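Student: One-letter residues, chain by chain:
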Amino acid sequence: MGHEEEGTLAKRYFLLRRLHSLTGILPIGVFLIFHLTTNSSVLWGAANTRAHADDLPGRGIATFQHEVSFINNLPGLLIMEITLWAAIAFHAILGIWYATTGKSNTARYPHMDNRRYALQRLTGYIALLFILYHIATLRWGWSFLVPGGVTWGHEHAASTLALALRGSADSITVAGLAVSLFYFVGVTSAVFHFANGLWTAAITWGLTISTAAQRRWGVVCAGLGILLMAMAWGSVVGFLFTDPEKAREIESAMHPEEDSTEHTARATTDGAP
Amino acid sequence: MAASNAQQSGKRHIRLKILRQEAQDKLPRYETFDVQPEPGANVISCLQQIAARPVTASGEQSTPVAYDAGCLEEVCGACTMVINGRVRQSCSCLIDQIAPNDGDTITLEPMTKFPVIRDLWVDRSRLFHALKRTSSWVPIDSIYDRGPGPKELPDKQEPRYVLSTCMSCGCCLEACPQYNPRPDEKDWDEAFIGAHAISQVRLFNLHDTGKQLKSERLEALMGPGGVSDCGNAQNCVKVCPKEIPLTESIAAIGRAVTVHSIARWFTAR
Amino acid sequence: MSERRVIVVGGGLAGLAATIRIAEAGIPVDLFSMCPVKRSHSVCAQGGINAANDIARQQGYSEYQHFDETLLGGDFLADQAPVLEMANFAPRVIDLLDRMGVPFNRTTEGFRDLRLFGGSLFKRTHFAGATTGQQLLYALDEQTRRWEVEGKVRKYEFWEFLRPVLDELDPDDAIGHVHSDKRCVGIVAQDMRTMQIRSFRADAVIMATGGCGLIFGKSTNSVICTGGAASRCYQAGAWYANGEMIQVHPTAIPGADKCRLMSESARGEGGRIWVPRKADDDRKPTDIPEEERLYFLEEKYPKYGNLVPRDIASREIFDICINQDLGVAGQNQVFLDLTHKDPEELDRKLGGILEIYEKFVGDDPRKVPMRIFPAVHYSMGGLWTQYTQGDYDPHQPHGAHNPGDTPPIATEPGHGLKLGASNNMMTNIPGLYAFGEVNFAYHGATRLGANALLSCIFDGLYNGLSVVNAVRDAEFSAADAPQSIFDHAVADEQTKTDALLEGAGSGEIPDELNPYIIGLELGEEMTAASTVVKTGDRMRQAMTKLDELSDRCSRMKLNDAAAWSNRTLSYARSLQDMVVLAKVILKGGLQREESRGSHYRLDFPDRDDENFFKTTVAEHVPSNPDPIRIFYCNVDARLVEPRARSYGEKKAKPEQPPAQTAGAGA
Ligand SMILES: Cc1cc2nc3c(=O)[nH]c(=O)nc-3n(C[C@H](O)[C@H](O)[C@H](O)COP(=O)(O)OP(=O)(O)OC[C@H]3O[C@@H](n4cnc5c(N)ncnc54)[C@H](O)[C@@H]3O)c2cc1C
Ligand code: SF4
Ligand code: SF4
Ligand code: FES
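Residue numbers (the working numbering), protein chains in the order written: chain A, 11 to 283; chain B, 24 to 292; chain R, 773 to 1438.
For the record, the hints were derived by calculation from the structure and aren't laboratory data.
Where hints are given, some of them may not hold.
Stated by the list, open to error - Under the rule of at most 25 angstroms between Cα atoms (straight-line distance), these lysine-lysine pairs were calculated in the DSS-like manner:
1. R:1072 to R:1113
2. R:1113 to R:895
3. R:924 to B:155
4. B:40 to R:1131
5. R:895 to B:34
6. A:113 to B:261
7. R:895 to R:924
8. R:1131 to R:1113
9. B:209 to R:924
10. R:1190 to R:1386
11. R:895 to R:1190
12. B:179 to R:895
13. B:237 to B:179
14. B:209 to A:113
15. B:237 to R:924
16. B:49 to B:155
17. R:1317 to B:261
18. R:1329 to R:1317
19. B:234 to R:924
20. R:895 to B:174
21. B:155 to B:34
22. R:1113 to R:1075
23. A:113 to B:34
24. R:1131 to R:1056
25. B:49 to B:174
None of the values given here were measured: they were computed from a predicted structure.
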């Protein structure tokens, strides 16, 4: 192999590696933060006194619906989505390739860091499966994968989501519980993968060099991880215990005309009682 | 101390369970030996005992165990092996510490990341190859007298000294989940280079003359098998017998390649 | 004309320095070592490397004083010209190592720091923590790797040198003084993994195979230091000189597998040696008040104190423990105390060795005094080598040189030795050179601390040029030597190997024929008979024992018949050669009926310049009933007048009854 060629291979390799690291944070990680913030609004929205509902759960549902509607009316949404999907695909494919080069040995060397190394790979796989399921069912409408066969709709964000998690409007079915459990594991993996990835990225990029700095940054990442974990778990539990019927009422009340294009305009004025 | 050792060792027996392999293409098998450690004995002195009378615990005549050793004071790195599942030097592995009681068993296995030559003796050529890959030397002009080298303040000499105590033992590679066997020499240029070599790059890039080859070394570490293949499991730093801050070296090189790649983007023709 | 090549056997400091020197001159080198060169025994060196330097110079020290000290340390047994050249060249060695990136300890301002070492009153020892040898070896290893990448060096690691290949010498081709009718044209070596035996051609062969500590069983040396390679050269006709000069280091930690060194630098940094004045004082050492401690070295040698040369310190410790029964806890051990020093400074300057003590003994030497005893450490003797004198000839040897005196000669290369002369450090066999510890040239009857690393690197860098010149200028090329001599040499070695393996691995072996047991007995006997204190009777007794051992060696049975990676075979073969060398050491000692430096005989306690101001030379004459022929060469003493070696001893040593001669490590 000529020197030139070697150089370019090395360059590409490095670029790919760094892009892999970068995509994990931007856009995927950043999106994760926003997404969890939105979803957990079903809980924190209860504190939103300006929401279109009277009781606390209702306010949560209304806030969530409001957020979802806002996002769905952002210009260029599809482009953003495709970018995100592409980033996830890129991060996943490279990640799987890289993961095959390693061989975990936590049995012999049971250090925390080594366990995290193994978990990072495991959670990556789980998160990927979860995200695929999550997008396929809730975005692409592969309702055959959802117990109860409900299709998510952004106008009825909370109610359809609750239905998907519960398996039925009346009660939580076994299949529903399985889906919820999968959600639980999925979001946990995603959050861990992100928080731990953020910690290692600082080493990879050379931001934290000294052991002390690595420890300090570790505390920050753990803090962020715990916060995100709370939001993630909160969202799953929140929707699992949301009454789909009631949610549908609140949602319908928020946009009676069922016209999303107009809703953009409404949304801005919505704030007024 | 000598007295207390004698008490502990006394006339007690310990058992060595050794993973043996006659040659690369032969199947490995365990063999056990009973030995009576002398006061202050270490794993090597037990292996020496076995060499003189290689009779297994079940009374069968066997052969001396092949192993590598040199300094016997943990400074040459030769005697590295996996002891009770953990990689370390066998010369500094004291019997009284690892097997304090009568009848205790110690398991000895060869390192798993390198081809076995025989028994506990492995071929670590790939480790030295990594030092070639990274131009790990100071490019002096010639050996002719040109006066002293660059002046250096202690705050630079001290960290350099620590990095420079790496004895190429391979513990950091054995414990690393990203470093895996590559028996074919042709793969060595693209397989993960390992923490020791990354740390050596840091060492030579710190030296005023050594810096001359800085970009070459960094580029070598940017390719396949370079620093980005590290998965931050941080096992390396925990098993390094010389307590070299390997993860700090990895991060420092991470920063150096970040800066280097950006600079290259702006300056390279 | 075919390409000239050089073979270097040994990848310690001497071998690597030579390799770099020769490769840089454009001559390809084949480098042989029984271990990866980075693991060579030189890594063990702890304390430092000597050279005159600006600080010492401003206090009246000089290269010349370094030279004078080295001669005095060696009790004037060394030929003087090579020592002068080495001392003069020393600062250049340090500068070069510095340029290669050796992390020498630094002062606050960034200059190279210095420490005090035995046999000198000036700080002239450069150091990198307490692992100086390791750091120097790594620097040379890196440079060698660079030449390997350039294609100038080919490494044969895990290859064992078996013998030099000799061809008839055409007298017209002779270089230097002719002492042999043979010339060296290559070597036979064996791959320790595949067991393949083959020959290699070379226009010059440099032996840099280090010392022979293993002959004494437990020593401070690495397990590879058997002296086997030197013995093989000796048996092929190379002369072996001053074999009886074996240095016993005063401060080592006795262990089950080896004696680990506690470097002289511990005393250089202020460590004090003492025992409780009262025998069997069982208080904790830190509880024993100052006035009840016997600082026996400081009391007896107020000027040099704990830093008297090693043979003296070893003898004093020996005397305290064996003759006066004052050893700590009634055992053969004395205290080496650093507890009065600042622990942080200790870590910075001695970290490496303190860790060794902590790791292998379990006590913290910053808090508890260490317990140490002498152990075999270094061989001043080695293959005999010749040289061409430089241009310095004072006509009348100088007397003692005092600090501040103007040195009688400047420091450029060429005053001691003739720079680049083809025979510098060549053995009596043309084409066969000896560098490093295996070269007998520099240290006389005792080596001063931190002079060994210097002599190794000096040999490689400075005398490497001699090899370059010899190879370049020679009419004759090894390529022209007949293939048959190589084939014969290989066949011989194969026969020897086959003989050793005959009947191997078939059942239990009687101790009598077990190589590992014979090795143990050899070590015990040699340590008891020929270390700190010797007597004619004890050595004669040992000689009888060695005769028995060599007989047993010839009938040895191996417990491993493997035709692959058989390390027992390698050990057994070395053992045979070790016994041969042990006899050379003993015979030299028996015949040297005086005491000089490390060679201390109770039956002849004084130095006898009249009869023994001479180099012992041993030649292997297989046709003689006793194949060891000992003869003597005059010492080259043109430069300095030999004088008494007292180190300011305060009171004459009280005569001791010739009680015991149990050896070090006993
Ligand atoms: C514990 C200790 C501490 C010391 N500290 C100091 C100090 O502070 N200062 C100082 O000046 N000196 C010190 N010395 C002495 C010094 O380290 C040695 O004299 C020196 O390192 C010898 O170097 P060398 O190059 O001659 O041989 P070595 O480093 O011994 O190397 C010998 C080489 O020869 C090879 N070899 C041997 N036999 C064969 C064979 N048959 N076939 C092929 N290859 C072979 C080996 O593989 C090895 O590569 C110390 C010695 C010891 C033991
Ligand atoms: S930090 Fe990197 S080099 Fe060290 S063990 Fe982990 S993956 Fe290997
Ligand atoms: S970095 Fe440490 S563990 Fe790795 S080879 Fe060097 S000394 Fe051994
Ligand atoms: S023998 Fe050198 S490190 Fe153990």
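Student: Determine for every hint whether it applies to the structure shown.
Tutor: Hint-by-hint comparison with the structure:
no., hint, in the structure
1, R:1072 to R:1113, "holds (23 angstroms)"
2, R:1113 to R:895, "holds (18 angstroms)"
3, R:924 to B:155, "holds (14 angstroms)"
4, B:40 to R:1131, "holds (24 angstroms)"
5, R:895 to B:34, "violated (48 angstroms)"
6, A:113 to B:261, "holds (18 angstroms)"
7, R:895 to R:924, "violated (39 angstroms)"
8, R:1131 to R:1113, "holds (20 angstroms)"
9, B:209 to R:924, "holds (21 angstroms)"
10, R:1190 to R:1386, "holds (23 angstroms)"
11, R:895 to R:1190, "violated (29 angstroms)"
12, B:179 to R:895, "holds (23 angstroms)"
13, B:237 to B:179, "holds (17 angstroms)"
14, B:209 to A:113, "holds (21 angstroms)"
15, B:237 to R:924, "holds (23 angstroms)"
16, B:49 to B:155, "violated (31 angstroms)"
17, R:1317 to B:261, "violated (50 angstroms)"
18, R:1329 to R:1317, "holds (19 angstroms)"
19, B:234 to R:924, "holds (24 angstroms)"
20, R:895 to B:174, "holds (20 angstroms)"
21, B:155 to B:34, "violated (49 angstroms)"
22, R:1113 to R:1075, "holds (21 angstroms)"
23, A:113 to B:34, "violated (42 angstroms)"
24, R:1131 to R:1056, "holds (21 angstroms)"
25, B:49 to B:174, "violated (54 angstroms)"
Checked against the numbered hints given earlier, the structure breaks hints 5, 7, 11, 16, 17, 21, 23, 25 and satisfies all the rest.
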